[in-house]
Amino acid sequence: MNWPGLSPRRLLTADPGADRIVPPSGFTVWLTLFTAATMAFLTVFALALSLASGRLATSWGAELARASTVRISAPAGQLAAQTETALRVLDQTPGVESARALTEEEAQALLEPWFGPDLPLGQLPVPQLIEIREAASGFDAAGLRLRLQAEVPGAVLDEHARWRRPLVSAASRLRGIGWISIGLIGATMTAMVTLAAHAALSANAQVIAVLRLVGATDGYIARAFVRRFTLRTLIGAGIGTVLGLGAMLLMPEGDTSGGFLTSLRFAGWHWILPFLVPPLAATVACLATAAAARRVLGQLA
Amino acid sequence: MIELDNVAYSYGGEALFRGLSLTLAPGSFHFLTGPSGAGKTTLLKLCYGALRPTEGDLSLFGRSVTEMDRDAVAMNRRRVGVVHQDCQFLDHLPVIENVALPLVVSGQYSPEHDENLSELLTWVGLTDRAGALPAELSGGERQRAALARAVIMSPEVILADEPTGNVDWEMSQRLMRLLIELNRMGKTILIATHDLMLIRTTKAHVQARVLRLAGGGLYAAGSEL
Chain C
1 MNWPGLSPRR
11 LLTADPGADR
21 IVPPSGFTVW
31 LTLFTAATMA
41 FLTVFALALS
51 LASGRLATSW
61 GAELARASTV
71 RISAPAGQLA
81 AQTETALRVL
91 DQTPGVESAR
101 ALTEEEAQAL
111 LEPWFGPDLP
121 LGQLPVPQLI
131 EIREAASGFD
141 AAGLRLRLQA
151 EVPGAVLDEH
161 ARWRRPLVSA
171 ASRLRGIGWI
181 SIGLIGATMT
191 AMVTLAAHAA
201 LSANAQVIAV
211 LRLVGATDGY
221 IARAFVRRFT
231 LRTLIGAGIG
241 TVLGLGAMLL
251 MPEGDTSGGF
261 LTSLRFAGWH
271 WILPFLVPPL
281 AATVACLATA
291 AAARRVLGQL
301 A
Chain P
1 MIELDNVAYS
11 YGGEALFRGL
21 SLTLAPGSFH
31 FLTGPSGAGK
41 TTLLKLCYGA
51 LRPTEGDLSL
61 FGRSVTEMDR
71 DAVAMNRRRV
81 GVVHQDCQFL
91 DHLPVIENVA
101 LPLVVSGQYS
111 PEHDENLSEL
121 LTWVGLTDRA
131 GALPAELSGG
141 ERQRAALARA
151 VIMSPEVILA
161 DEPTGNVDWE
171 MSQRLMRLLI
181 ELNRMGKTIL
191 IATHDLMLIR
201 TTKAHVQARV
211 LRLAGGGLYA
221 AGSEL
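Protein chains in written order, with UniProt numbering: chain C, 1 to 301; chain P, 1 to 225.
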């Protein structure tokens, strides 16, 4: 059957007559508004979760691919010599792009979050750190470890991959779970709108009978219901999105590497994405109501 | 105009009537009578495409219903005005909007129609009830409102199912006068009723054919009518 009444242009064009033919009251009004608002609110958070997880996975992944550290713990008199030896060993190791010893200021900056800015680093037995940048081909970690053991007794090779890889994997999975959540939220909203539309159509069987009696086509009847449910969903999802964004803005701001919870918000152009939630929800509602109308009108024929 | 050729209709496999043929010619006036349960309402529903025959052929305005989808039937229904015994209104809309409903659903309504609507309500005597809700109307007022809605699109055929069933004698006479007036304007009228007195008094004013639906068949009524 052709449904000319369901074209987007006709749905968006005001039709006061069609709007008035469906009785305005009923629980489906609040059910649709509440469902759309709740689902949009949850979608904003799921979206932020996915995007933040993605940023984290990308950031950690990039660092994982390139960085390792050699930590040298030695008596104060031997530290400089062992550091020099370790740098020489690293310089000769295939797959090591560069290696450099961290300065006292850099070590200070690393420890500052835990001990504060006034730490007397020179008076403490703080290990010397050497940052290694790997070449794309990577290096033989086991071989390097053996050589360092032989030549620099106080050196420990720390491959970041060992502890970062599970985190990257977890972040990637979290991103996937976020997207799955968005899909489930969308499916739930579709089901709820379909249920509400079905209930409204069934409850208005008498209205449909009268409309058919006076020559209304199925497209006209469906349009009256679809338009109403689409607008309700758009309004509900708009409210939910605004509330979700408001809640998100109340969260403390932080950089991506600083902490996951503080980075649970949108960044850059990603701020556009939540504003797509209401029109997408309205589209879903439009299609769900149209399908419900098609089914119910067929049953009532 | 509307033709039933050897039509049968069954409910749940049990035939209500069969082998039924009827032609509603332009400008004709018909009464359909018969005992309760004989299928008068069903026959009327067939005549405006609300039901499809289980056997035989039904033609609406020269086109077989078997060739029509639901939208095509709906378009044809705009050429038929229907008055039901229970009237069937949209209860949340006032009388004037219910009367205008066929114009609205067909996309033909415009503010210029307001004058026609006003004239129509005057014709059926409901000018002062235009803003009332259907629930606030008496039985006779509801029937007249239903008649006004049935004729707003200037249909070629008017089908009325027991239009005087819920009203007193005086009101039924008033309704019949309106229907006779419509017939004189060239409209085809088919009225299902069990009120033989009404048929007799109406026949005094109009050339009407009386049909009796009984025992699963359609017959011309006896000379007593």
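Derived from the structure by calculation, the hints contain no laboratory data.
These numbers come from a predicted model, not from an experiment.
Hints are not guaranteed to be accurate.
Short, incomplete list of chain C residues facing chain P, as computed with Cβ under 7 Å [as the list claims (entries may be wrong)]:
1. D218
2. Y220
3. L300
4. A301
Take a look, some chain C residues computed to stay more than 12 Å from chain P by CB distance [to be verified]:
5. P24
6. H160
7. R165
8. G215
9. I221
For each residue, glycine too, the CB sits at the ideal point set by N, CA and C.
Status of each hint after checking the structure:
1. D218: holds (6 Å)
2. Y220: holds (6 Å)
3. L300: violated (10 Å)
4. A301: holds (6 Å)
5. P24: Given that some Cβ of chain P is not farther than 12 Å from that of P24(C), nearest at about 7 Å, it is violated.
6. H160: Holds: least Cβ distance 67 Å, greater than 12 Å.
7. R165: Holds, because the least Cβ-Cβ distance between R165(C) and chain P comes to about 62 Å, which exceeds 12 Å.
8. G215: Incorrect as stated: the minimum Cβ-Cβ distance to chain P is 4 Å, not above 12 Å.
9. I221: violated (8 Å)
Violation of the numbered hints given earlier is confined to hints 3, 5, 8, 9; the remaining hints are satisfied by the structure.
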